[in-house]
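J.: Model the placement of chain E with the ligand on the given structure of chain W, informed by the hints.
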Amino acid sequence: MTVSKNGISSQTSDRHTLSVLVSYNLNALSRIIGIFSGKGFHIDSISFGSEKESDLARITITTHGDEQIIEQITKQLHKIIDVVTVTDLTYERFVERELALIKVTATRSSRSEIMQIAQVFRAKVIDISPGKLSIEVTGNRDKINAFIGMLDPFGIDEISRTGSVALKREFEGSV
Amino acid sequence: MAQPKTEPAEHKNKNQATNTPDTAVLNGAEILINTLKDVNVDTIFGYPGGAVLPIYDSLFDEHDINHVLIRHEQAGAHAADGYARATGKAGVVLVTSGPGGTNTVTGIATAAMDSIPMVVFTGQVPTDMIGNDAFQEADIVGITRPITKHNYLVKDVSNLEQVIREAFHVATSGRPGPVLVDLPKDMIKSEAHYSGLKKVSIPSYKPTREGHSTQVSKAAQMLSNAKKPLIYAGGGVILGEAWEELTAMAERLNIPVTTTLMGLGGFPESKPQSLGMLGMHGTYYANMATTECDVLLAAGARFDDRVTGRLDGFSPHSKKIHIDIDPSNIGKNVPVEVPIVGDVKNVLSAIDQQASKPDTTDWWNTIEDWKKNHPLKVPKSEGLIKPQRMIERISEVTNGEAIVVTDVGQHQMWAAQHYTFNHPRSFLSSGGLGTMGYGFPAAMGAAFGCPDRPIVCITGDGGFQMTAYELATAVEYEVPVKIAIMNNECLGMVRQWQELFYNKRYSHSILKKGNPDFVKLAESYGAVGYRASNDEEMDDILEKAMKINDRPVVMDFRVEARENCYPMVPSGAALNEMVEGPE
Ligand SMILES: Cc1ncc(C[n+]2csc(CCOP(=O)(O)OP(=O)(O)O)c2C)c(N)n1
Numbered sequence: 001m002t003v004s005k006n007g008i009s010s011q012t013s014d015r016h017t018l019s020v021l022v023s024y025n026l027n028a029l030s031r032i033i034g035i036f037s038g039k040g041f042h043i044d045s046i047s048f049g050s051e052k053e054s055d056l057a058r059i060t061i062t063t064h065g066d067e068q069i070i071e072q073i074t075k076q077l078h079k080i081i082d083v084v085t086v087t088d089l090t091y092e093r094f095v096e097r098e099l100a101l102i103k104v105t106a107t108r109s110s111r112s113e114i115m116q117i118a119q120v121f122r123a124k125v126i127d128i129s130p131g132k133l134s135i136e137v138t139g140n141r142d143k144i145n146a147f148i149g150m151l152d153p154f155g156i157d158e159i160s161r162t163g164s165v166a167l168k169r170e171f172e173g174s175v
Numbered sequence: 001m002a003q004p005k006t007e008p009a010e011h012k013n014k015n016q017a018t019n020t021p022d023t024a025v026l027n028g029a030e031i032l033i034n035t036l037k038d039v040n041v042d043t044i045f046g047y048p049g050g051a052v053l054p055i056y057d058s059l060f061d062e063h064d065i066n067h068v069l070i071r072h073e074q075a076g077a078h079a080a081d082g083y084a085r086a087t088g089k090a091g092v093v094l095v096t097s098g099p100g101g102t103n104t105v106t107g108i109a110t111a112a113m114d115s116i117p118m119v120v121f122t123g124q125v126p127t128d129m130i131g132n133d134a135f136q137e138a139d140i141v142g143i144t145r146p147i148t149k150h151n152y153l154v155k156d157v158s159n160l161e162q163v164i165r166e167a168f169h170v171a172t173s174g175r176p177g178p179v180l181v182d183l184p185k186d187m188i189k190s191e192a193h194y195s196g197l198k199k200v201s202i203p204s205y206k207p208t209r210e211g212h213s214t215q216v217s218k219a220a221q222m223l224s225n226a227k228k229p230l231i232y233a234g235g236g237v238i239l240g241e242a243w244e245e246l247t248a249m250a251e252r253l254n255i256p257v258t259t260t261l262m263g264l265g266g267f268p269e270s271k272p273q274s275l276g277m278l279g280m281h282g283t284y285y286a287n288m289a290t291t292e293c294d295v296l297l298a299a300g301a302r303f304d305d306r307v308t309g310r311l312d313g314f315s316p317h318s319k320k321i322h323i324d325i326d327p328s329n330i331g332k333n334v335p336v337e338v339p340i341v342g343d344v345k346n347v348l349s350a351i352d353q354q355a356s357k358p359d360t361t362d363w364w365n366t367i368e369d370w371k372k373n374h375p376l377k378v379p380k381s382e383g384l385i386k387p388q389r390m391i392e393r394i395s396e397v398t399n400g401e402a403i404v405v406t407d408v409g410q411h412q413m414w415a416a417q418h419y420t421f422n423h424p425r426s427f428l429s430s431g432g433l434g435t436m437g438y439g440f441p442a443a444m445g446a447a448f449g450c451p452d453r454p455i456v457c458i459t460g461d462g463g464f465q466m467t468a469y470e471l472a473t474a475v476e477y478e479v480p481v482k483i484a485i486m487n488n489e490c491l492g493m494v495r496q497w498q499e500l501f502y503n504k505r506y507s508h509s510i511l512k513k514g515n516p517d518f519v520k521l522a523e524s525y526g527a528v529g530y531r532a533s534n535d536e537e538m539d540d541i542l543e544k545a546m547k548i549n550d551r552p553v554v555m556d557f558r559v560e561a562r563e564n565c566y567p568m569v570p571s572g573a574a575l576n577e578m579v580e581g582p583e
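Top line first, the protein sequences correspond to chains W and E. Take 1 as the starting number for the first sequence in UniProt numbering and just add one per residue. Take 1 as the starting number for the second sequence in UniProt numbering and just add one per residue.
Here chain E stands alone, though its shape is the one from the complex:
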């Protein structure tokens, strides 16, 4: 066990000097591990190499921290990201210098776009070699500057503990995000005092948490007087743990709620106030309600272009209230009448305390009509499985209780539409960067964070192949992730755009010829592989898969390739110009 090697002399002095904390002299690697334990890190995703060998040496005897050996650093970052989204704690990554660091870039950028708390430790060549093009040197601080919330190069081992504590504080507070700490090899080998000081204070960093009271009153007033109010909830509701406040307010005031892709699960979809998702592949009723409403309360959402459609057609008649912890999000894309900087959780409950129930009878009549006449459709299968039905079936089998992790593409949008999300931290997806290859490693990370919840990775035959090698990790650690491949033998979403906007010229989007036999692929890693080509087989393998608890299961669902994802707002169109289905 790498216990702090407390010097006996210092131990004796423990209670004497009030200003000198109980310190021990440790090397950098030990300081790192001690500080990680101190900030309650239980799992790190990592891959060794020369520059970080002293840390790996310390990990050899370490039992309190679970180190997961991933098979590629990109996947390590995605796994840490999945762990963070599922648990709310920061995900932790440890990789070597040079290629180890550069391989994490996609994972860091993915986390940055979705404001996911993550701390990445990279090895670096010794300080006296930095800048010499030394073996495996890369300026990772420079490379990751635009995709991290903050990053550090440790140049003095006596700052190491402080830097690590700051890194976790910055990553998890305010608008969360990834923080990188670059550790030159001499820094982790040389020694310094480890103080165990818990307090972190960065004078230049003080996120605003309470909403301005005048603005809160204005917002409450506006909602109380609204005829057609709507809440548009984003990922901030989940990151800011504001789901209870949101649900309480929406129910008490009887206001409809639509969520973004990142906000799914932030409001239970089984509640009558739920309109599901809005935006490019949002529901008809959510998009119409957004267009027609007179007061729009945006909570922890950033008016992403996939949500707004054409900006000048976005919710043209509404007065807008925008709650966000990040002031730079407010007014960035859409002007708002009532900006409120603060923690979504605090602000929502403050508004709820002051608002009175608006009269929304007519509004609800209109919405109910939209819901009745324009529901999401699940077509009947004629042989091959219909993708929408596949998602619906997974939702039924898991009772809406699973953590669903997706890749990027048609399956992602269908999963968002047809799975019924009733719990926060249950839909993990790369919403901002749209990273293919995210799904499976993130699902694995979620499994480490939440071993008691069923975890389903819904992926495409394209996306799964980007990180399928992580089957090795999942088998090694007995991670029972259920991988549901929506196998349409093509890059479905690309194919859809080519069909609709490029005259059916399917340029480099058909995967049929090179696709592996996914069942054999799974088996070669020691995982379970199943295949289903019709509804009956689908039911059968889903039932079998859910019972497997000691290994990953790969399910190859052969689906109808020509199916397109609707409704769809063509890019450049306004939300109410959505296309509901094929002509």
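So here's chain W without its partners, still in its complex pose:
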């Protein structure tokens, strides 16, 4: 699997990113989740948001399983009447981003070190108080995991992460 920098996915062999275009309604989302819970498939993350046309939504699902399971997931999703297309991006070049908000304990002595780390990860401090920093970071899952790993020793209070959102890449070089 391709491992490249800056948010172009790094994949382990059984992790898959599915991009599902659906009619914009909650019944569609519920049916999709129902397929996963009813048939015992895994959802590692899921995100739902509108597409270019307002009556369509794009759902990005990251999941894992062997070839046969992923094939079944894809087929089962396709069976849902509201689903327009299902693309397994894993077989394509694609860009993927996740957003995380992390609240970390920052004493007077550790604050500047944390801010330096944030700079390396191109993360942004978005809230500050005498004892805490809240930081926003975007990137692929590995980058976010790495950032969280770096902050962990300082004492993380809370984390809020979106699921992955992904799009197929058009440009063949690296970004």
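The reader is advised that the hints may include incorrect statements.
Unchecked claim - With beta-carbon atoms standing in for the labels, derived distance ranges:
1) W/149 / E/136: 24 to 32 Å
2) E/202 / W/158: 42 to 50 Å
3) E/452 / W/168: 52 to 60 Å
4) E/136 / W/107: 54 to 62 Å
Unchecked claim - Over the 12 Å line for every Cβ pair with chain W, so calculated as not near, a few chain E residues:
5) 56
6) 69
7) 241
8) 247
9) 365
10) 366
Stated by the list, open to error - With a cut-off of at most 16 Å between alpha-carbon atoms, the simulated EDC-like pairs for lysine to aspartate or glutamate come out as follows:
11) E/332 / W/71
12) E/332 / W/55
13) E/371 / E/580
14) E/380 / E/536
15) E/155 / E/186
16) E/189 / E/269
17) E/332 / W/67
18) W/39 / W/66
19) E/371 / E/269
Calculated directly from the structure, the hints in this document are not laboratory data. Built from N, CA and C at the ideal position, the CB exists for glycine as well.
T.: Same frame as chain W, but now just chain E with the ligand:
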């Protein structure tokens, strides 16, 4: 008559504006009824209640649609299901909100598992009360999401007509299935334009109908070169109306055919190529042929566990071709060499056009030996009726021409084994969900769809009691269904498993003490009741029953309770490890 109330002004404009269809302003209930007529619905099975009263009010003057008042909504859904299986048209159900909807759940799930086209209309509390725990509110769209092919909550009356048309399109096309439309009370009371637009197009829903040509050629090639080919035909052959193509191909290429429970009737059992049913209670020769074949063509079948037995022992030497309209069925349980997504009817005839007759002389010799040495057995009665004989007798009396509807249990398997099915849409049974209580209401539904065919419901004393109250409906509408109760005074199939696998500990499976007098039960509803305890009485009451045309007939057949259903593949065993009879 609830005729469209066409506004005179609009009538005048009829031929002027090309883009504006001839529309009329109607309320939701009238739009519903008009659209139902437009999609050729002639019968609906329903039960009224507050939320759907505006619809019932419109039905009061309606003569083109036959509304059948069932006595319980579960039975309404089963009746619609039986109607659909017997006719090929979508069955239609109309019930009220809350308990009306939840009572249909078993019937919807039954239809979903067997891919039966059905449209269920449920009443709902008015839109502004949804979510408030209003009286008789239930989230029926949420409840039925996993057991419907698709469902809708109508939130804007101007979408109602479109939604209804889509519902019928989705229910009957591709892999068929139940669709639910939830109708808030304000939606059926408020008004909108009714356009009579016939076209339905759902951009995200386009089932594949033609098989891929390369795959078709591969399949034809494989069959032509096979030494030991076998066709394994499922319910898809019946749903996809592919029985003629299947029969033509099997006869021309002289390939044996085994059907699943759902496929019974999809290939005439009187033809020499028929091996009957395969699977847990399948014939010896069908199961052996499945195990030994070198090319297995699965047509509209889904490799259900009741069919395959232990998966790693299922047809281990064969290359497999799988035709199915639903791509998610292919490769789900068993890997296949040649997957073909498409309409069974189209694909079978395409394969038939390209395949040449394989040399199957040796294969047929082997099969004939199996057939001769391991036939299905009908034991001789010693007093009480033998269940196998009861089925055989019903088959003889009806000449194999009846629509046979079963419940679930031993009688179901014996009916599948011993009735000779020669026509499609003649064996209706809950194969997927295995719903007890299905038989009698489904038989009634079939009778509404096919009033000219004899209809026999073969049921157990357990199963019949789950929906026996529908005798009231059958009497009211003069439905001449023949109900043959295989009365063994126990939950026979449960008893069989307890005898074989639980050391004869018959825990809660004996019904003897609480059973009603079925003859009196029938009579109290105004139906005819008969009882037979030996072969002679059996012949006598069957003959009498077949002559009754204006009422249901309940026949209480007292059968040998200790009889077990064989052959049997114990669960977890492979098909060729079947047990042929008691030690
Ligand atoms: C609604 C429902 N509950 C329970 C079962 C489990 N079950 C399968 S067969 C059977 C016994 C059926 O007994 P009966 O209707 O008397 O028929 P028989 O097997 O004796 O022919 C039971 C309880 C079922 N299939 N459906």
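J.: For every hint, state whether the structure bears it out.
T.: Against the structure, the hints come out as follows:
1. W/149 / E/136: 24 to 32 Å: Violated, since residue 149 of chain W and residue 136 of chain E (Cβ atoms, about 54 Å apart) do not stay within the stated range.
2. E/202 / W/158: 42 to 50 Å: 43 Å, holds
3. E/452 / W/168: 52 to 60 Å: Hint holds: Cβ distance 58 Å, inside 52 to 60 Å.
4. E/136 / W/107: 54 to 62 Å: 59 Å, holds
5. 56: Correct as stated: the minimum Cβ-Cβ distance to chain W is 27 Å, above 12 Å.
6. 69: Answer for residue 69 of chain E: holds, closest chain W Cβ roughly 31 Å.
7. 241: 22 Å, holds
8. 247: Residue 247 of chain E clear of chain W: closest Cβ-Cβ about 30 Å, beyond 12 Å.
9. 365: 38 Å, holds
10. 366: Given that every Cβ of chain W is farther than 12 Å from that of residue 366 of chain E, nearest at about 34 Å, it holds.
11. E/332 / W/71: Satisfied, since the Cα-Cα distance of roughly 9 Å is no more than 16 Å.
12. E/332 / W/55: 32 Å, violated
13. E/371 / E/580: This hinted pair holds, its Cα atoms lying about 13 Å apart.
14. E/380 / E/536: 13 Å, holds
15. E/155 / E/186: The hint holds at about 9 Å.
16. E/189 / E/269: 52 Å, violated
17. E/332 / W/67: Holds, because 12 Å separates the two Cα atoms, which is no more than 16 Å.
18. W/39 / W/66: With a Cα-Cα distance of about 15 Å, the restraint between residue 39 of chain W and residue 66 of chain W holds, given a limit of 16 Å.
19. E/371 / E/269: 14 Å, holds
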